[in-house]
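*Asks:* Under this note's numbering, the sequence shown has 81 at position 81, and the numbering climbs by one with no breaks.
Where hints are given, some of them may not hold.
[As the list claims (entries may be wrong)] The list that follows gives simulated cross-link-like pairs (lysine to aspartate or glutamate, EDC-like), each with its CA atoms no further than 20 angstroms apart:
| id | residue 1 | residue 2 |
| --- | --- | --- |
| 1 | Lys204 | Glu184 |
| 2 | Lys43 | Asp232 |
| 3 | Lys237 | Glu199 |
| 4 | Lys187 | Asp102 |
| 5 | Lys44 | Glu199 |
| 6 | Lys9 | Glu76 |
| 7 | Lys48 | Asp232 |
| 8 | Lys204 | Asp123 |
| 9 | Lys187 | Glu199 |
[As the list claims (entries may be wrong)] Across the chosen pairs, the derived CB separations fall in these ranges:
| id | residue 1 | residue 2 | range |
| --- | --- | --- | --- |
| 10 | Glu313 | Leu148 | 26 to 32 angstroms |
| 11 | Thr143 | Ile27 | 19 to 25 angstroms |
| 12 | Phe36 | Ser10 | 34 to 40 angstroms |
These are computed hints drawn from the structure, not numbers from a lab.
In this text, a Cβ means the ideal position worked out from N, Cα and C, and glycines have one as well.
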Amino acid sequence: MSSEMDYIKSLVSAQTYLFQFGGAFLICIGSIGCIFNLIIFSKKNLRKNPCSVYFIAYNIVNLFQICVSISQTMLEYGYSISTSTWSNSFCRFMYFSGYVVDILSSFYLIMASVDRMLFTSRDARMRRHSNHRIAYTCIIVGTIFSMLFHSPALIFANIIEIIPNYYICYSTSNGFLAFTNYYELIKVILIPTLMIICEICTIKNIQSSHHARVIPMSHIVGNALNPGRSKDRQLIKILLINITVYIIFNLMPAIVLPYEQIVQYQIRVDINTKGKIRARAVNFIEPGKVVTMKYPLRFESHTKPNYFQKREEYHLTDILSNPTQQQGMQNMEDAPEIQETVQRLNNFIQPNYNYNFPDIIDWLITHVGGARRIRSPPEETTDSDSKQKRKKSKRAKNQTD
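Full structure from sequences and hints, please.
*Replies:* Spelled out as structure tokens, the structure:
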């Protein structure tokens with residue numbers, strides 16, 4: 001355990017010294033280089049070229065990125081000064097500006113390569129699109145769109161306390177965080193691919209221009225290709241060098257980010273109900289994020305904690321749906337003794353009309369009702385008696401009339 005802690009401490013100290021001295025050196029060299037580039041590309045003879053406009057915007061964004069993003073990273077990892085946690089407003093501004101300047105830097109470089117590809121084309125109509133009006137329009141529209149696209153960072157970025165007395169500026173929305181992860185993955189793959197395609201097309205156009213002369217058209221608005229012009233050749237060389245350097249230094253993120261997306265779900269620690277811990281390997285540990293904590297550790301549950309293990313329950317459906325039970329029931333049904341018993345039960349339940357069963361009403365009266373009333377037998381009547389009754393009835397009718 002002590003050897004591992006010593007190794008981690010050595011990594012932390014090496015990172016601290018690297019950012020203290022290497023970060024300051026990169027900031028100085030980068031700032032001086034951007035300033036010189038702005039001075040050179042702002043000259044009158046170079047300002048006439050649309051590619052110079054893209055290079056001016058490219059160096060302005062790089063200078064802003066050096067002064068804001070890289071300097072903040074140097075202070076945080078080299079001197080343990082986290083400027084992004086001073087206030088929520090500054091945290092959101094740093095989070096937002098980091099995404100905007102990063103995408104604008106590559107966007108201006110792609111537009112410069114597209115401009116050189118159009119400029120070196122043998123088609124006069126394609127060369128017509130290489131002009132200042134389109135360059136300024138692309139820069140303004142691209143900048144506005146990038147700011148609007150990354151505007152959710154101004155809402156979801158906040159200062160978070162991950163452990164006691166340790167704060168970071170991070171996104172509070174899991175959805176936005178997942179979106180930015182996949183966005184970075186697409187960006188590191190798509191942007192170098194576009195640059196390589198434009199660079200290949202530009203080189204092919206230059207090679208074809210040596211074999212066939214391009215005749216400029218006087219009525220075409222734009223710049224006609226003249227391979228002999230030294231300024232155009234120098235701009236193309238500068239662009240190719242910038243694209244090559246950008247691709248080389250962004251090759252590692254293009255490999256690491258897809259790998260992180262593949263193995264991200266294997267980095268976790270599981271604690272079951274019995275208290276057993278199963279930890280998996282943690283990849284890409286940042287030494288600056290390693291913090292020594294004292295025991296006992298305090299854990300907070302995001303859901304309702306369950307302090308008791310739920311007992312195992314058996315239901316009748318579990319027994320009936322058991323395949324072993326179902327097979328046993330099938331074997332029992334096939335047995336001849338069981339079939340004979342089932343046949344007897346069916347004969348008993350079904351009514352048999354061959355037997356003279358007593359009427360149910362008589363049975364109820366006999367066993368449930370009271371004492372039966374004995375009826376007197378009917379008197380025998382003769383013909384003379386019936387005649388006398390008829391005469392009496394006729395007399396009664398006459399009297400009433």
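*Asks:* All hints are to be evaluated individually against the structure, with a verdict given for each.
*Replies:* Outcome of the hint check:
no., hint, in the structure
1, Lys204 with Glu184, "31 angstroms, violated"
2, Lys43 with Asp232, "15 angstroms, holds"
3, Lys237 with Glu199, "11 angstroms, holds"
4, Lys187 with Asp102, "10 angstroms, holds"
5, Lys44 with Glu199, "27 angstroms, violated"
6, Lys9 with Glu76, "17 angstroms, holds"
7, Lys48 with Asp232, "11 angstroms, holds"
8, Lys204 with Asp123, "13 angstroms, holds"
9, Lys187 with Glu199, "18 angstroms, holds"
10, Glu313 with Leu148: 26 to 32 angstroms, "56 angstroms, violated"
11, Thr143 with Ile27: 19 to 25 angstroms, "24 angstroms, holds"
12, Phe36 with Ser10: 34 to 40 angstroms, "38 angstroms, holds"
The structure is inconsistent with the numbered hints 1, 5 and 10, although it conforms to all the rest.
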